[in-house]
Every structure is written in C-alpha cells, then in structure tokens.
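Chains as they are written, first to last, in the numbering used here: chain G, 92 to 752; chain D, 92 to 752.
Hints may contain errors.
Note that identical chains are pooled: a pair holds if it fits in a single copy or bridges any two copies.
[Claimed, not checked] Below, computed lysine to any residue pairings styled on SDA-like, alpha-carbon distance capped at 20 angstroms:
1. 534 x 349
2. 591 x 122
3. 176 x 273
4. 746 x 207
If you are wondering where the hints come from, they were derived from the structure by calculation, not from laboratory data.
Number of protein chains: 2
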Amino acid sequence: MAQQRRVQLSTQRPTSTVYVLGTELSLDIRGCAPKDAVAFHVQGTLGVKLYVVHETQSIKLPSSVSRWPLAAGTEVLLAMDALSKDVGDEKVRISYFAEAGGVPVGRAMLYLTCVEVSLDADTSRSGAVNRTLLDKTTWTWGPDGHGAILLVNCDRDEPQGKKPDNSDTAIRSYADLKDMSQLVLRTRGPRTIFTGHRLILHVDYSDADKVGVFYGGNSVALEEYKHVLGGSKLAYAVKPSRHQEESIFYVEGLVFPDVGFSGLVAFHVTLLESPEKGLLETPIFTDTVVFRVAPWIMTPNTAVPLEVYVCSVEDNEDFVAAVGAMAEKAKCPLTVCPLPENGQDRWIQDEVEFGYVQAPHKTFPVVFDSPRDRGLKDFPVKRILGPDFGYVAREAPEGASSLDAFGNLEVSPPVTVRGKEYPLGRILIGSSFPRFGGRRMAKTVKDFLFAQQVQAPVELFADWLQVGHVDEFLSFVPAPDRKGFRLLLASPSACYQLLKEKQEEGFGEAAMFQGLDGVPKPTINEILSNETLRKFNNYVQSCISWNRDILKRELGLAEQDILDIPQLFQGDVDTGAGAFFPDMVNMLVLGRHLGIPKPFGPRVGGQCCLEERVRELLEPLGLTCTFINDYFSYHILSGEVHCGTNVRRKPFAFKWWHMVP
Amino acid sequence: MAQQRRVQLSTQRPTSTVYVLGTELSLDIRGCAPKDAVAFHVQGTLGVKLYVVHETQSIKLPSSVSRWPLAAGTEVLLAMDALSKDVGDEKVRISYFAEAGGVPVGRAMLYLTCVEVSLDADTSRSGAVNRTLLDKTTWTWGPDGHGAILLVNCDRDEPQGKKPDNSDTAIRSYADLKDMSQLVLRTRGPRTIFTGHRLILHVDYSDADKVGVFYGGNSVALEEYKHVLGGSKLAYAVKPSRHQEESIFYVEGLVFPDVGFSGLVAFHVTLLESPEKGLLETPIFTDTVVFRVAPWIMTPNTAVPLEVYVCSVEDNEDFVAAVGAMAEKAKCPLTVCPLPENGQDRWIQDEVEFGYVQAPHKTFPVVFDSPRDRGLKDFPVKRILGPDFGYVAREAPEGASSLDAFGNLEVSPPVTVRGKEYPLGRILIGSSFPRFGGRRMAKTVKDFLFAQQVQAPVELFADWLQVGHVDEFLSFVPAPDRKGFRLLLASPSACYQLLKEKQEEGFGEAAMFQGLDGVPKPTINEILSNETLRKFNNYVQSCISWNRDILKRELGLAEQDILDIPQLFQGDVDTGAGAFFPDMVNMLVLGRHLGIPKPFGPRVGGQCCLEERVRELLEPLGLTCTFINDYFSYHILSGEVHCGTNVRRKPFAFKWWHMVP
C-alpha cells in the first residue's frame, strides 16, 4: 500500500507541498470548504493524477469534469509519476459550489513539487544495492525471500589493532568498509527542495546499540568517513549534495542475534517539512529498510577442512607430528599453537569453535571463544582474530562448568527431519538430565546458539560423563551413500559383543594396553568377568541409547545411518564416566582421513581387534583410518584426539537466507 | 511420531524392561547376536505387537513365522496396547540361527511390563484437564489451535496479604489454587513398577524462574500443599500412591511474557530405570506438556465499563460529582480515591492501565502500574491489588519521562487491516520522531507491551506535545455502524473552519471562556487574526495529520471512520503543544455516555459553538454528550477529563488464544 499523507488546504492562500514519488496525497477537501459549499470540482495540471473516492463507491475514479458532492467520506487522492523540474511546477485547483450556484463560492490552490527520496540496500541479496519493488520494510526467509543482510564486523582488518573492528567508531582501512553493507539514499528533484526540507537518517532507539553507520560524503578519502549513526547517535541530518543524487552509507553490525535481539534492524529516512520558515518541522515522508544481522554458522565434520589447529605442549611432540602427517595427507595446512601461547593447555577443541558469517557481498570465518578460560584464554584474540577473521565470545557470569567447553558443542551434517529441512545441520550440545544438581551449558552460550536460528540446537544428555562433552560419545564421518554421512556412537554393547566373540575364538588371554609402560594389562577374560565394569557399562549404554533415540528423532536418522563403535567406559555415579581405553569416536575428521585415538585393544593374530573392527566398519565408506597414540599425552588427562585438535572448515555452499528456520 | 527407545538384549540372561503405552521399543537384535548367527526368528506373547523393518522394505511388516536375515539395518520394533496386570507378564523371544542350521545357536528373552505414564493439562482449552491425542509438546494459535494456558498468579487472594500471590511459595487459600492450572500425572500399571522406577517431574532451567508448581499429594488439606518446582527447584521425585492413578499438580505463572521470554513453559515427567539395583538410573521415557503464560490484555473505550476511578483532591469536588453523576447514568460503580491515598495526585489515568488475563478456567482483571511514580504511587498495590485483581508493574531504570505515563497508552477497538485481523485491537503508544533528543516510552514498558503479542502496538508521534500523551489528540467512541466505532482526532483546521464560519455569520465578537474568572476572553476575530497562533496550529495540524496517516494505515481506517473534533493548541517548539481550550477528545467514554471537557467556546445564540459542533458530530451516533467543567481543576494543570479518570472494563468475549498474532 502506498504511503498516504493528508494535506490541509486553504481557500484563503495557496498551499505548497512536496510530493514524494510512490506515495499518495489525501486532500482535506472538507476542511477548508466554505460554509455553504455542497459540491466541488477538482482539476490538476498534466503531471498530476487525481482520484475521487466517493462514499457509495469506494473504488477510485478518475476525476472527470463533473462536480462531486461534498459528502462525508468523499476523498480526493493524488499521485504523480514524473519528477518536478522546478519547485511548484504542478498544481491542483479545487472549486467549491453552493447548492444552486454556478459560480464557485471558494477556491483552494495546491502547488506541488515531485521529488524522489528512497533508501535502498541489497534487498534482493545480489551482492549489490538495487532499486526494488520488494517490500523493504519486511525481511523474509527462503529461496524467494528478500531483505538486506548485515555482518557483525567482528574481524580486525588492521594488523596492528588489538580489538575487533566493531569495538570502535573509526574506519582505518578500505578493507574495513568492505565488510560493511551499503545503504544508499537517493534524492532526486529540484535541489532547493532539499535545502529547504531536512532529511534525517535515523535508527530506532532499541536498534541503536546493534549497528554503526559510517558516511564519507562525496569523498572517497578514508579520513572523511565519519561515524554518523549508532550508539548514542540516533539521527543524522543528511545534506544531499547539489551534484550527486546518491549518498552512500556503510553499515556494520555490532552484535549477533541473541535473547531480546531477533537480528532485525530498521533504518529510516524521514523528510521534514516546515509549514513556516523556522524550526517547526513535521515529518511528511519516511522510507524504511530492514536488515538482518547474519547469524554465526558452524561447520560439520563433512565440510572440507581448511586449517587444522593443535597445541604444542611439553609432552606431546609425537602427537603433534602425527596430526601434522595426517593434515599433510589431507592437504590441509596445520597451525601449531606454541607453548608460550597455550600455557600448557592442550585442549584447543574446548577453547574455541570455528564458524563463519555470510552476506551476499562478503563471507569470513568467525571464531567463537568459549567461557572456558584456561591456558588458551588469550590465544583466540591474539592469534586468530585478524583481517577477515572474526571473533565472538560469551562469558558465563554464573561460573563456567566443564559442559561449557566446546567439545560439548558440535553440529550435524545437513538433515531432513519429517519433511523439515536443516540444510546447515543442527547444533548438538550436551546437557544434564533430570538429576538434582546436574551440570548444564551456560545460559549465555545456549541463548546465543538458539538465537542464530539457522542450526536449531538439539540438547543431548552428557552429564553422565565425568567431563561431560558430546564428543565423548558421538562423531560424524562423510559417506558416499545415504544421507552423505554416518553417525558414529560409542557402544559398550558392541565392545562386549566383540570381546566375547574373540573369547569364543580362543583369544581370552589376549591382553590390552600392550607396549604401554606402567599400565595394567587386563585380558579379554578378565574384562568379560569384571561384573562391576559390565554393570557400569550397561548404565553407560542406556545413557548413550537415550541419546541415540533423541538423535534418530531430531536428525531424522535410521538405524542404517548409525555405526556402533566398540568402546568401554569406567567410573562410578559420583565421578561420572570416562573412557576405559582411548575413546575412538573422539576423532579428528579431515575429509576422508580419520585420526582415531589408538585404542590399544587385545591383539589377535598380530592385530588390535578394536582397530580391526573399526576399519571393517569405516573403510567400506572410503575412509582412511589413522590410529594416533594419545594415551599418555591426552587419554590419561581425560581427553583424546578430537579434544586436542580443532579444524576451520569451508563454509556451506548453501546460503543461510535460503532456508526457512 | 511415537517416542522410540532402543533396548539392549542378551543371549546370556533374560532382559526385563518397562514399556510405556504409546511408545515404541527398537530391539537391538544385532548387538547380542552370536558370532555365527545369520538369521533370527522373533516371537512374542499375545499382548505384544511386533514389526520387522527390513532394509529393502522400510515399511513395517508384522512378524510372521519366517526367519529374517540378520542384515545391517534390519530392525525389530515393538508396541503394546494393554496395561500389564503383573510385572513382566508379556515377553518376546528372539532365536538366532547360523547359516545352515535348524537349531538356534542362541536365544534372547525380553520380559515386558506395560505401564501408562502421561502428563496432561487442559490442552484443548476446555476449562478442564483432558486426555488428548493433540501434540502436547507444541502450542498453536487460532480457533483450531491447542495447548494449555497458565495465568500469572498476580492477584492477592489473602485479604491480609501485602504482596501478590506469585511472590511467595505458599498456598494460603483454595482461591489461590483456583487461579492455577492443573497438571495431571497419570500412572497406571503394576504399582511395584513405580516403587522400583523413579518418576521425576521437571522443568527446564531456563523456565524455572517463570513458574511455581504446588502439590498436595492425596490430601485436599491446604497445609499439605507444598511448593515442589520452580525457582531453584528443577526436579521433583513423584511417588505415585498405591491407590490413586492421578497426581494433580497446580501450576502458577510468575512473570508475563517479555523480552527473552516467549511465554512458553515446558513441563516434563521422566521415568528412570535402574538396570541394576542401586543408583545407576537412566531415563527411559519422557512426556512433555507445554503451557503458554496468558498475556496482559487492554480493553478499548468500546468495551462495557465496570468501574470508574477518580481522585478526590482539594479543589475538584465539582469534578468528582460530575463524573459520579455520569457514572450513575451509565450504571457503572464509581470508586473515589481519597486524598490520603492519592497525595494530591489527580492523574489516575497516568498512574495505571486496567487490563485482564484469561485462561479457559479463569479470568481476572490486572492493573498495570506505570513507571510514573507520583502521589498515586502506592494506590495500585494498596487498594487495587486484591482477591482476583492482579497487579503488574514495570520500572524505568533510565528514569521515567512524561511519555511513560499511561495517558500515553491506549488501545483501539478490534480492527482488520488488509485482511489481517486484530480481534483485540491494537495498542497505541506515543513516541518521539526523528528529532535529536526526543522523549520516548521506557524500553521496559515498550518491551512488555510488544511481548504480549495479541494487541500488536502501533507507535504514534506524541513528542510534539508538552505532556506527550496520545490521549491529547485521539479517542475512540462506540458507533452503531461501520466498524463499530469512530476515531476522534483533535483538529485545529476543523476549529479554524468553524470559527471562520461563525465570523462570516456575524459572530466575530463572540468571546471564549465566558464565566471563567481571571481568564482572558479572546473573541473569534482576535483568534482568527492571531497569526502566531495560526502558524503554531498549522504545525500541530501537520503533526496530527502524520498520526492520522499512520492510524489509517495501521488500523485499516477510511476517512469515514474518523471524526475531526475542533480543537486549538498553543505553545512553542521548545515547550511543546498544549490545549488552548479544554481538550475535547480527552474524554471519558462510558458506553454511550461521553464526559467531554467543557470547551468554553464562543457563545453563539446562547450556545457554545464548539459544544454544538461536537454534538452535531456525535449525537447522530446515539451518543450522549455531557460537558464537564475541568478548567481550573485539570485543564490549567495540563490535563483534562480523561487524564483525571480511569475505567476498568469488561474483558473481550473473544478469547485471545483464538487469534493468530
């Protein structure tokens, strides 16, 4: 519906007003009608289209030569198609008639100047600002959706800088501008109109702390760019240049969607009119453009790896070398975080999660820094944040628990669940279950993850584990068939079945942990006859089965999509469960190359029967298994290969705005 | 989709488990299969329905006598229809076969006990708890919607109490219980199951501060009711009685929907199983019911008045009498707030807004206390809060402005806007426009109003007024035709037109404010020749016209739905506008009876020409106009009749959950 504005007229003096292209003026014909007037005639110059809306017929009629009764509800509407060349170059005359008379008892003149005022952005998501007939005040999801997109400018384009670009109100490089979205104000028509009428670019009070807007006037010089809107700046008076019809503003997002912030931000331009010279301005036209702040998006194991991270600490030289060799095979660069930067904290999976943000004009990775702050605390800001590499963090004011480490934050590959598509997968987080005093992820982190909307999180039960991370019992690997992946689940029952099989084959005396100094070496017979261990693993199995049921339901998986990886756990109810031997699902996935914690299982015919079984399960999928010895360097410290590594991956080809959350 | 649970089997010892009515068990037939088994046969007792899902055919097939290959992806699913009489009275046997053989190489037995565990609420919105096939985990809007409703228990049923009932965790009266919604846990089946398996009623961490749950066991004695869930209590172990199959819980809402709280709250019951006697419990079944906290709803001028409020201060005896006389005509009780309780604060419209909350089982009024805290500050809690009269408040931490007073908070009658229905009308609030440093409503209040969802607020431009309230330029009155109401707008242009008409009729020397001691008495001629006044009113008219355009667009109004009430304003840009003579749209509407500020307009033929014009406009609608003299008691203090009164009205017949926001 066209924006409509009511205009007062006068029979005593001519009225002048501005008409903005695309709007409609409603003339107050009764407001100034002489007392005895009962009919009126309305006539306009060629550039003015007039419509009379009559009470009985609410359709619009072209105003022909006849007179119209001055009845309640009779309206005169007006529109124009072409910009004025001069101020007041089109006009409308309304003549009033008394009951009988043929001579007008009064006349009202309206002088009109047609201008264009339009606020535009990349609402069609093409990568460039376009003029559009799309409704700019709404933002819609899906392949046919429309609405502009904004990035949180959370990278640091200046190499010497300390903080992300969205933490200040300065522009220090053109690269910084390139992260921003353009907001274009178009003003056409007689230029004197724009000196007599103020144009205000403004943002709602509730949105002002979410964005920053920069403007360089006609200049392209970096130092001319000023912060004009955002924070305490709610409005900016634009002075359209005499020679330019377009003013280009650059918009950055300051914060990600979160509780109380849907991600939508509206910008308005308002044209103010002074009926009298002086300060008494009133708004006569507003144009609005809505942006959505792009969500932070995680990448699943099935995405192409771009960079592998590992920490070098005192005792893990072999491990770093093994990860490096695997990265080389996967043709993926390795970044080693050295001791001075990790403070003996090897759990890089837990400190950060790599994701990305995307707009039609720009995509860059963003690291999410967990509330867990141990030795690696400063590494994300010091070494990861940089040009076109963003940073976001959440704190846990109530104090972080082990469940806040990002080993407890994973994402599935794309899935379809009972017809509902999740083309970017679903986030998986571990939580407590109905137990008194259970641990759970910090509210701030959970709120953030849910607010991103595009990877609807699923909560699993992880509090039964001592460490309490979902990566202790699940992983995803690529597969050539079915849904393009398999879900791997740690399985005590598959392990007992395997060991029993080996026992029945006569290998009951084969022992575990061969070659590991100072580690007790239980035989298959001993493990199978350990009733305490069996009972505990029954319990573990039922916890994992509960999660299996949730995963099948929430990811739309069938039994054939799941592979049971033999695994035993140990522990008790008070301390929680931990892996009895290196936890094989806690693996590093780099394309078809899997780096799996070496389980040190019983050797049967010169082969570790656990490794053999895992190869049997995974190699038919075209995957290559590399078993990495992490026993002393990670396993006995309650983590494994996945906990000790991290991977930045390629963003989805699928654009997030094409989905419907 | 039925809740599915995976069950581990064993060929070494029989397995026992609980089957919950309405779910599905997935038997892990491969997990315990002997090494050389290649096929299986499955057989159950009469009460067990078995299905085999075979890889090639993913449809469910009844298990007939044949053998099934033990292929990857082959599943056995199980369901039951009838409750068990005894523990383990139904069973399933799986026999495994090797390649060639006819004799089983192994057997797994599963003993089953079928029980019912169901959490129910009034999901069909009938006013009583019902068992239902509706999806209890979702909440949908509209006439065909489903989902249970919760009231914020914000009244004070105990006459001696000081605080609303939702501020403590005690039940002090049966009336208090009646405000709550029932949550019924049904448990059927062999009772020993429920002594061996724990049942936990629990609420999500993020919802726990939004609700309180009370439970009295089998007792109906008030003192037996204990607070069992909510706040720091996240879980409650229910002990189903031997003799009762239903445990009834009472649920109260603590807070209204707001930023970060959609209003939805989920309750779960989880059945825990111990594979071994002892503490190792795992969840095996969860049932969930979702409630929505009922929104706070405002009532428009067209709703039947139930109670009129006015303050008695030192100088307003006549005003109170006039309001009282009008209330009597409208057959509406009058409540006078006496001096000791109002501290000389006469602006009762500004201190509170009356609304209500509604659930299928209960409806009661709720007063919303504004952040404005003047003399009437304590009145809402002390005198309005009470049995079945709720209270809610918002503070303005940033400091309240005049726009936070509730004269700036109105609601339209029901409207339909371009096909979109607002059966409860739309809230109207005044705000600033693009002006540097404009005043606006406190974020807390605005957030609250938007979060209620059912009366989608419209923001108008009110900051041009000195006081800055929407009730200074608009009102709604009932009408027998069209949309059932008219929007009244203050109109300087209508006033100038009227005065000019009277001047032309020869009454130019008629003076205003006759009979008001010490008030200057300008004539029509003087007013019409005052150019400063005219310019200022042109400005005011353009501000009101801007709002008229918004109102037409956002309420779907035509010109015929609007009546222009002659009115002049005075002031300047710095101080803002105020009424030049008593502001007639600032009226009290009690059904067909209107209490209008007496304008003291120029007397023409013994009649005030302003009153005469207003009668001409309103009486044809069947309305009765009473002009109330508020000149010295309210007008010169920058308020009028509406500002000095307040009305509690009858709730809509339309149920809010029948709309789609």
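Taking the hints in turn, this is what the structure says about them:
| no. | hint | in the structure |
| --- | --- | --- |
| 1 | 534 x 349 | both (11 angstroms within a copy, 17 angstroms between copies) |
| 2 | 591 x 122 | between (96 angstroms within a copy, 12 angstroms between copies) |
| 3 | 176 x 273 | neither (29 angstroms within a copy, 71 angstroms between copies) |
| 4 | 746 x 207 | neither (33 angstroms within a copy, 45 angstroms between copies) |
Consistency note: the structure conflicts with the earlier hints numbered 3, 4.
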